[in-house]
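Visitor: The primary structure of each chain is shown beneath.
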Amino acid sequence: MVSKLMKGLVYASSVFTFGMLGYLVIYILINGVRFLTPSLFSWQYSTSNVSMMPALMTTLMVVAGTLLIATPIGVFTGFYLVDYADRKNPVVRAVGMATDTLAGIPSIIYGLFGMLFFVIFLEFQFSLIAGILTVTIMSLPVIIRATEEALIATGMPIRQASYALGAGKLRTLFKVVLPVAMPGILSGVILATGRIVGETAALMFTLGTATNLPGSLFASGRTLSLHMYILSQEGRHVNEAYATAVVLLVFVLVINALSTLVSKRLAGGGK
Amino acid sequence: MSRTNKITVRDLKLWYGDFEALHGVDLDIYEKEITAFIGPSGCGKSTLIKTLNRMNDLVENCRIEGTVELDGKDIYSRKVELNNLRKRVGMVFQQPNPFPKSIYDNIAFGPRTHGIKNKSELDEIVEKSLKQAAIWDEVKDHLDRNALSISGGQQQRICIARALAVEPEVLLMDEPTSALDPISTSKIEDLVSELKNEYTIVMVTHNMQQASRISDRTAFFLNGNIIEQDETRKIFTNPSETETDNYISGRFG
Ligand SMILES: Nc1ncnc2c1ncn2[C@@H]1O[C@H](COP(=O)(O)OP(=O)(O)OP(=O)(O)O)[C@@H](O)[C@H]1O
Ligand SMILES: [Mg+2]
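Taken in sequence, the protein lines are chains A and B. Position one of the first sequence corresponds to residue 1 (the UniProt record's numbering), numbered consecutively onward. Position one of the second sequence corresponds to residue 1 (the UniProt record's numbering), numbered consecutively onward.
Don't read these hints as lab results, they were simulated from the structure. Cβ atoms here follow ideal geometry from the backbone N, Cα and C, with glycine treated the same way. Hints are not guaranteed to be accurate.
Unchecked claim - Here are some chain A residues pointing at chain B (derived, C-beta under 10 Å):
no.: 1; residue: D86
no.: 2; residue: G155
no.: 3; residue: A164
no.: 4; residue: G166
Said to hold, decoys possible - List time: in silico DSS-like cross-link candidates among lysine-lysine, alpha-carbon distance up to 27 Å:
no.: 5; chain 1: B; residue 1: K13; chain 2: A; residue 2: K88
no.: 6; chain 1: A; residue 1: K175; chain 2: B; residue 2: K119
no.: 7; chain 1: A; residue 1: K169; chain 2: B; residue 2: K79
no.: 8; chain 1: B; residue 1: K196; chain 2: B; residue 2: K128
no.: 9; chain 1: B; residue 1: K131; chain 2: A; residue 2: K175
no.: 10; chain 1: B; residue 1: K117; chain 2: A; residue 2: K175
Whole structure, please, built from the sequences with the hints as guidance.
Guide: Printed below as a string of structure tokens:
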């Protein structure tokens, strides 16, 4: 009886969740698609066309820059924590704890930290580099955790098999463990990408909100989310904000689909 | 009968943290013979077999005293190159643990590790090892298949082939058939009996028939000690120690 009730509840809530998601998507599509005009994609932003093109490009730049820094650092930290570190070492425990804590901090805090440290203290001003470094710190825990989980999930047996054949630690890690863990690590990286694309609070006070494409690492810009946020906040371009939302939505859905695809292949045992 | 000592263990003590799992064990393993380890659960069979290729180095807080010699040389000496030791003393585990790679890449992994790159040379090693492990005929037409896609018994023979591919001198097997069905088990028993012409084999088993069928010598373990080691025939028909007798005749363990 109770289990039937539970089943019903679970079923109802999943229908509700799915319904809400569907409603949201359809609502945005209906309100946005018809305002997707070519002028919204012109290379030059002006107050009359409110083009999202510079923001779209800036988003790609921020994502690329962040992944370029965060992926190697995050993946190697994950490697270190799982396969090299002595778990009782206080430094290692501190790294693990820092990772967990970083993961739970609201993004506005990252924004404030980025502003105080990169923008003001290091005098980067509102700039691409300040934005990238800030969201790098934000993405690290995601990538580290995904790497750790993927590495742990590979298990001891294949490591033992490799060691027993006379393979050293590095060879075991790169030739045996990494290929198996790769999909898990990748889906972590994709998850981090999703976070970056959707981020506003951490970027507002670091990347800034300049409307044009940043000409250098030290120039300000705005990402798509930020652009949309500002458009709807200003209230004069609500339709264009919806149109922008359509593009952002497509972006995020593509990223999610990618991540699902990758983790499906992970579940399939690689290869 | 003239026999050569391949591995000599003397007064070996082993601790996991504060727990002493082996209390000063002496053991002789002779060249090109099958030595079986028998004894009740938790008596230290796996612990001892792991010291022979230093897999216990991977266990945190594990410490040993005493000596283990391979061909008269201490394998725990500083001068020993660990990867080379493990090339000479191969291991097959209780659960088949093939890499999630193709059958070919599983077998070629060891030789590649030790520097063989030439494709035709690798092809030869793969074929030879699979034949030695009596699984060539079953897999020769799909060497590119994922090794996880074949049956457990086949996987275990792949693991044996993989271990043989680095041309070890000693093969350690910790209950290699306990996870397998009777048919796979008897295939592996035949295979092991065949392999002793070329290799020195140490095998842990819970299966008395298996030990008496295929091993030349048997060591009986109890609570971290070796109570008795002798010719298998002697252990199973006329053991010197009453504990051995009790265990063999199924009175405990
Ligand atoms: N990594 C470890 N840490 C602590 N204690 C261990 C560890 N491995 C084994 N032991 C203990 O050492 C003793 C011997 O274990 P071992 O695995 O060698 O027994 P075994 O004879 O192989 O038993 P089985 O027949 O069940 O495989 C047991 O008491 C076991 O609990
Ligand atoms: Mg055991």
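Visitor: Decide, hint by hint, whether the structure agrees.
Guide: Now for the hints, and whether the structure bears them out:
no. : hint            : result
1   : D86             : 8 Å, holds
2   : G155            : 9 Å, holds
3   : A164            : 4 Å, holds
4   : G166            : 4 Å, holds
5   : B/K13 / A/K88   : 25 Å, holds
6   : A/K175 / B/K119 : 18 Å, holds
7   : A/K169 / B/K79  : 19 Å, holds
8   : B/K196 / B/K128 : 16 Å, holds
9   : B/K131 / A/K175 : 25 Å, holds
10  : B/K117 / A/K175 : 15 Å, holds
Comparing the model with each earlier hint shows no violations; every hint is respected.
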